[in-house]
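Fit chain B to the given chain A structure using the hints.
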Amino acid sequence: MRHISVTVNGARHEADVEPRQLLVYFIREQLGLTGTNVGCDTTSCGSCTVLVDGKSVKSCTMLAVQADGREIITIEGMARNGELHPLQKAFHEHHGLQCGYCTPGMIMAADSLIRESDNLTDESVRLGLEGNLCRCTGYVNIVKAVLAAADETRSAAAPAPAK
Amino acid sequence: MAQIAERYVGTQVLRKEDPELITGQAKYTDDLSVPGMLWMYVVRSPFAHARIKGVDLSKALAMDGVVAAFSGADLADAWIGGLPMAWPVTEDINNPPHFPLAKDKARHQGDGVAVVVAESRALAKDAAEAVEVDYEPLDTVIDMEAALAKGAPLVHEEIGTNKSYTWTLTNGEIDKVFSEAPVVVKERYRIQRQIANAIEPRAVLAQPTPSTGELTLWTSTQIPHIAKVTLAAFTLGIPESKLRVIAPNVGGGFGSKLQVYAEEALALALARKLGRPVKWTEERSENYLATHHGRDQIQEMELAADESGKILGYRARILVNMGAYLMIITPGTPLLGAFVYCGPYGGEAYQVEFTGVFTNTTPTDAYRGAGRPEATYAIERSIDALARRVGKDPVEIRRMNFLPPFTEPTPSIGGLSIDSGNYEATLDVALEMVGYEQLRKEQQARREQGDLKQIGIGFSTYLEMCGLAPSRVLSALRYAAGGWDAANIRVLPTGKVVVAIGTTPHGQSHETTFAQIVADDLGIPYEDIEMEYGDTQVSPLGLDTYGSRSLSIGGVAVHRAAQKIVEKGRKIAAHELEVSEDDLEYESGKFMVKGAPDKAKTIPEVAFSAWTAHNLPDGLEPGLDALAVYDAENFVFPYGAHICAVEVDTETGAIEILRYVAVDDVGTIINPQVVDGQVVGGVIQGIAEALFEEAVYDEKGQLLTSSMTNYLVPAAPDVPDVMIGRHVTPSTTNELGVKGVGETGTIASPPAVVNAVIDALSHLGVTHMERPMSPERVWRAVQSAKGGASK
Numbered sequence: 025m026r027h028i029s030v031t032v033n034g035a036r037h038e039a040d041v042e043p044r045q046l047l048v049y050f051i052r053e054q055l056g057l058t059g060t061n062v063g064c065d066t067t068s069c070g071s072c073t074v075l076v077d078g079k080s081v082k083s084c085t086m087l088a089v090q091a092d093g094r095e096i097i098t099i100e101g102m103a104r105n106g107e108l109h110p111l112q113k114a115f116h117e118h119h120g121l122q123c124g125y126c127t128p129g130m131i132m133a134a135d136s137l138i139r140e141s142d143n144l145t146d147e148s149v150r151l152g153l154e155g156n157l158c159r160c161t162g163y164v165n166i167v168k169a170v171l172a173a174a175d176e177t178r179s180a181a182a183p184a185p186a187k
Numbered sequence: 039m040a041q042i043a044e045r046y047v048g049t050q051v052l053r054k055e056d057p058e059l060i061t062g063q064a065k066y067t068d069d070l071s072v073p074g075m076l077w078m079y080v081v082r083s084p085f086a087h088a089r090i091k092g093v094d095l096s097k098a099l100a101m102d103g104v105v106a107a108f109s110g111a112d113l114a115d116a117w118i119g120g121l122p123m124a125w126p127v128t129e130d131i132n133n134p135p136h137f138p139l140a141k142d143k144a145r146h147q148g149d150g151v152a153v154v155v156a157e158s159r160a161l162a163k164d165a166a167e168a169v170e171v172d173y174e175p176l177d178t179v180i181d182m183e184a185a186l187a188k189g190a191p192l193v194h195e196e197i198g199t200n201k202s203y204t205w206t207l208t209n210g211e212i213d214k215v216f217s218e219a220p221v222v223v224k225e226r227y228r229i230q231r232q233i234a235n236a237i238e239p240r241a242v243l244a245q246p247t248p249s250t251g252e253l254t255l256w257t258s259t260q261i262p263h264i265a266k267v268t269l270a271a272f273t274l275g276i277p278e279s280k281l282r283v284i285a286p287n288v289g290g291g292f293g294s295k296l297q298v299y300a301e302e303a304l305a306l307a308l309a310r311k312l313g314r315p316v317k318w319t320e321e322r323s324e325n326y327l328a329t330h331h332g333r334d335q336i337q338e339m340e341l342a343a344d345e346s347g348k349i350l351g352y353r354a355r356i357l358v359n360m361g362a363y364l365m366i367i368t369p370g371t372p373l374l375g376a377f378v379y380c381g382p383y384g385g386e387a388y389q390v391e392f393t394g395v396f397t398n399t400t401p402t403d404a405y406r407g408a409g410r411p412e413a414t415y416a417i418e419r420s421i422d423a424l425a426r427r428v429g430k431d432p433v434e435i436r437r438m439n440f441l442p443p444f445t446e447p448t449p450s451i452g453g454l455s456i457d458s459g460n461y462e463a464t465l466d467v468a469l470e471m472v473g474y475e476q477l478r479k480e481q482q483a484r485r486e487q488g489d490l491k492q493i494g495i496g497f498s499t500y501l502e503m504c505g506l507a508p509s510r511v512l513s514a515l516r517y518a519a520g521g522w523d524a525a526n527i528r529v530l531p532t533g534k535v536v537v538a539i540g541t542t543p544h545g546q547s548h549e550t551t552f553a554q555i556v557a558d559d560l561g562i563p564y565e566d567i568e569m570e571y572g573d574t575q576v577s578p579l580g581l582d583t584y585g586s587r588s589l590s591i592g593g594v595a596v597h598r599a600a601q602k603i604v605e606k607g608r609k610i611a612a613h614e615l616e617v618s619e620d621d622l623e624y625e626s627g628k629f630m631v632k633g634a635p636d637k638a639k640t641i642p643e644v645a646f647s648a649w650t651a652h653n654l655p656d657g658l659e660p661g662l663d664a665l666a667v668y669d670a671e672n673f674v675f676p677y678g679a680h681i682c683a684v685e686v687d688t689e690t691g692a693i694e695i696l697r698y699v700a701v702d703d704v705g706t707i708i709n710p711q712v713v714d715g716q717v718v719g720g721v722i723q724g725i726a727e728a729l730f731e732e733a734v735y736d737e738k739g740q741l742l743t744s745s746m747t748n749y750l751v752p753a754a755p756d757v758p759d760v761m762i763g764r765h766v767t768p769s770t771t772n773e774l775g776v777k778g779v780g781e782t783g784t785i786a787s788p789p790a791v792v793n794a795v796i797d798a799l800s801h802l803g804v805t806h807m808e809r810p811m812s813p814e815r816v817w818r819a820v821q822s823a824k825g826g827a828s829k
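First to last, the protein sequences are chains A and B.
Residues in the first sequence are numbered from 25 upward in steps of one, following this note's numbering.
Residues in the second sequence are numbered from 39 upward in steps of one, following this note's numbering.
Just chain A, with the same shape it has in the complex:
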């Protein structure tokens, strides 16, 4: 067993983990945060995507011990003070989910994508989400939702136009 200290959604956790424990199972089974899902065993589907120090990571590809000392955000940490994150709102408004299983991972990957890109287009959103599979929506509404959330994030962040 190894001792780790991880901050998850703003809360610090101290835990003993098996060295072989994957980060996703640490999050799901030790912390009880089951919003992060597992859809494959080959790092293909992206359902388990979380933010590690602000960047999207497939948490089935990382060991819990590698998360020692780092800051993690999961889907449960996206809404703040009862207010949905712009991506959560946009997925709802644009019907960007059906069964919802890929959605947490998709939202986390999209959050990282929006923060890393200046000018997202239909094509760049599609390329940016290449590592996340959805079997229900055919992606069209996911792309719409991400573009809408990017717009909202940008207009919220932009300074008021100078006169």
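Keep in mind that the hints are not guaranteed to be accurate.
Derived DSBU-like pairs: lysine-lysine, alpha-carbon spacing no greater than 35 Å straight-line [said to hold, decoys possible]:
id	chain 1	residue 1	chain 2	residue 2
1	B	K201	B	K188
2	B	K141	B	K311
3	A	K168	A	K79
4	B	K141	A	K79
5	B	K606	A	K113
6	B	K163	A	K79
7	B	K163	B	K738
8	A	K79	A	K113
9	B	K163	B	K188
10	B	K163	B	K54
11	B	K54	B	K97
12	B	K224	B	K738
13	B	K266	B	K163
14	B	K65	B	K266
15	B	K311	B	K97
16	B	K534	B	K266
17	B	K311	B	K163
18	B	K188	B	K637
19	B	K491	A	K168
20	B	K163	B	K141
21	B	K824	B	K224
22	B	K637	B	K534
23	A	K79	B	K188
24	A	K113	B	K201
25	B	K224	B	K491
26	A	K113	B	K534
27	B	K479	A	K168
28	A	K168	B	K54
29	A	K168	B	K224
30	B	K266	B	K606
Short, incomplete list of chain A residues facing chain B, as computed with Cβ under 7 Å [what the hints assert, rightly or not]:
id	residue
31	C64
32	T66
33	T85
34	M86
35	V89
36	E95
37	A103
38	N105
39	G106
40	F115
If you're looking for bench data, these hints aren't it; they were derived computationally from the structure.
On a predicted model such as this, the values are computed, not experimentally measured, just so you know.
The C-beta atom is built at its ideal place from N, Cα and C for all residues, glycine as well.
Using the frame of chain A, we list chain B on its own:
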């Protein structure tokens, strides 16, 4: 004052399902844990066909944290019968036994041979690796035609053949029509095997209550009600009243969770044996071997026609790969398409023959569209072949063969009575949307220039039958259960409404759609209506979700239950307002005295009165709730026109979809955003069928496409946008006028894409493409057409 009520049906209401799904609070089966829970792991055969000579569990049992381990032989007494098969399509069908664990012989790669139970997920897996199985590998049979040849290795020796059944449907004088027709086209198509890839793998949690003998099973399934009856009565032999099945949030199904699986039976049997909860979660690589596959047919399709291309007869002879065992509707799956090999076209004679074949592969069963994508592919490819033969455009050949528009039930040569249809109208809309004339001009120009990138336009004007199903029809087809569904509406004393439904959603937006219906019927705000589902204790009556049945069966049951609420409410309102029932008008949740609309009672007011029971009409029971069970008289028949425009690189074989237009008529629309979501999702899944996806076995029965790294589930950059058009002819089958929309996309799109690629290369002499149309296959088709030598 009567006010204009807000209407919900037909409007884009945001989904009720979303809040818990977008915040990570939704619970799927693997998210659940209960105190004392053990983990199960299934040991699977690495061989496709092998005698099991011995199973040594001793090393596994000696490991710390391992609670129990069993071979198939050890558990033989846990079952009163095998896993259920509910559709013996012919009287003489061969249906060999299929137990949750194989005892003597493994018949496909991934067949379960032993099971281990331990204190944690990791320990169970470690222990499973310590189980030693002594296998004697046997000759395998993978190809269907080889399986039917004399001397082929037998998947099930005891039946002496690899044939399961032959089922035939004949309408009209088929032999006469074909022998006298001036034109006959004969085509051969391969419908490749696919893996559904619901993003949530299966998961099961079985909890026993030893003192009462009760068992609760949480499982990622489309069919909790069917699983309950079949597991209790046919596999485990426990009183049905002691088994509760719950499908919590389910992360996609696409038919793959329309099944009663070995792991459900195993978890229940072990929970019962050990007196502790048992959980199992599928790994994706297991999913590829142990969750049923879909499609897998070899089709011979013939059309008889006159010189002008008017179709006279349809004849299909089809081999269907059952895999190693018959699962719940394995043999019946092709029959769901048996009546639409004629598409929306006319004719004089019709014959379809299916032969089910056993092979050493994972069993097949329903996959989104189930039987109808295969049928649609056969007719939509072969009608293009006919067009080429008689020198007609694909649009013209379709127009001249369409059944004329109708709004009353009309017979088809496939043997069905179709609810309503206007086939040419959807084609007209689609042609306009895609810019057909312009595309043909561009195609001509590129051909004349000898451009390396050629353009093709492909059509699919499909006819679907869905809304499974009229129980009497199912009986005639030898299906073991019915096709009705149920809804129980309870108007609570505070005016809030709870509806228990018998269909089981896994992404299709039942909560939203059904609440829209109830909101309009009862004049209750959408926000005040809740759906309960997926739990045999909470909504005990139901037959679950598959075959695009939920709205056209379950939704109609919801509507009928609401009508019963109104009927009872009218009695209470009339009594309280001191008028006769005939003196009341009902509109949007309000009973108003005719000529004096100020004298009125709303549904919530009536519900409160029904609860206090202080002033009810004599003999009327207190409470305002109603149960409706609806069994349809007929199927519903969505149809439409899909057009795909592609650009094909004749040097590399790469295909780019330039435009994809889907114009569907799915009857009355409840929620346009939800309907469009279903259409797009299905179309993309069908495009992937045409371009990317295939489960490939080698000759030894090893699945070569064994994970998401080499079975191509498309990601966002791989697939196009979809342009959606609409046409509405209300169904005459039900009073809501609704059809079904869950499967239109996968039914319609594969032939549109393949026809487009063939059209792009037709001037080079290409008349056929195998699917999925990989760049290599396209390139080879071009080379072989050019040179004729590289075949």
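Given hint K163(B) paired with K311(B) - CA-CA distance at most 35 Å
At roughly 20 Å apart (the allowed maximum being 35 Å), K163(B) and K311(B) satisfy the hint.
For a C-alpha distance cap of 35 Å, please report whether K141(B) and K311(B) respect it.
19 Å, holds
Under 7 Å, Cβ to Cβ, is where A103(A) needs to be relative to chain B, so tell me if that hint holds or is violated.
Hint on A103(A): holds, closest Cβ of chain B at ~6 Å, below 7 Å.
Please check whether N105(A) passes as an interface residue: C-beta within 7 Å of a C-beta belonging to chain B.
13 Å, violated
When you check the alpha-carbon spacing of K163(B) and K188(B), does it fall within 35 Å?
Violated - the C-alpha atoms of K188(B) and K163(B) are around 42 Å apart, more than 35 Å.
Starting from K54(B), check that the Cα of K97(B) is at most 35 Å away, please.
51 Å, violated
With the threshold set at 35 Å, check whether the alpha-carbon distance from K224(B) to K738(B) stays at or below it.
32 Å, holds
K224(B) paired with K491(B) [C-alpha distance capped at 35 Å]:
This hinted pair holds, its Cα atoms lying about 30 Å apart.
Take the shortest C-beta to C-beta distance between V89(A) and chain B; is it under 7 Å?
15 Å, violated
Quick one, are K79(A) and K188(B) close enough, alpha carbons at most 35 Å?
60 Å, violated
Does the nearest C-beta of chain B fall within a distance shorter than 7 Å of the C-beta of F115(A)?
This interface hint holds because 5 Å falls under the 7 Å limit.
Verify the proposed pairing of K606(B) with K113(A), using a straight-line Cα cut of 35 Å.
40 Å, violated
When held up to the earlier numbered hints, the structure conflicts with 4, 5, 9, 10, 11, 18, 23, 24, 29, 33, 34, 35, 36, 38, 39 and fits the remainder.
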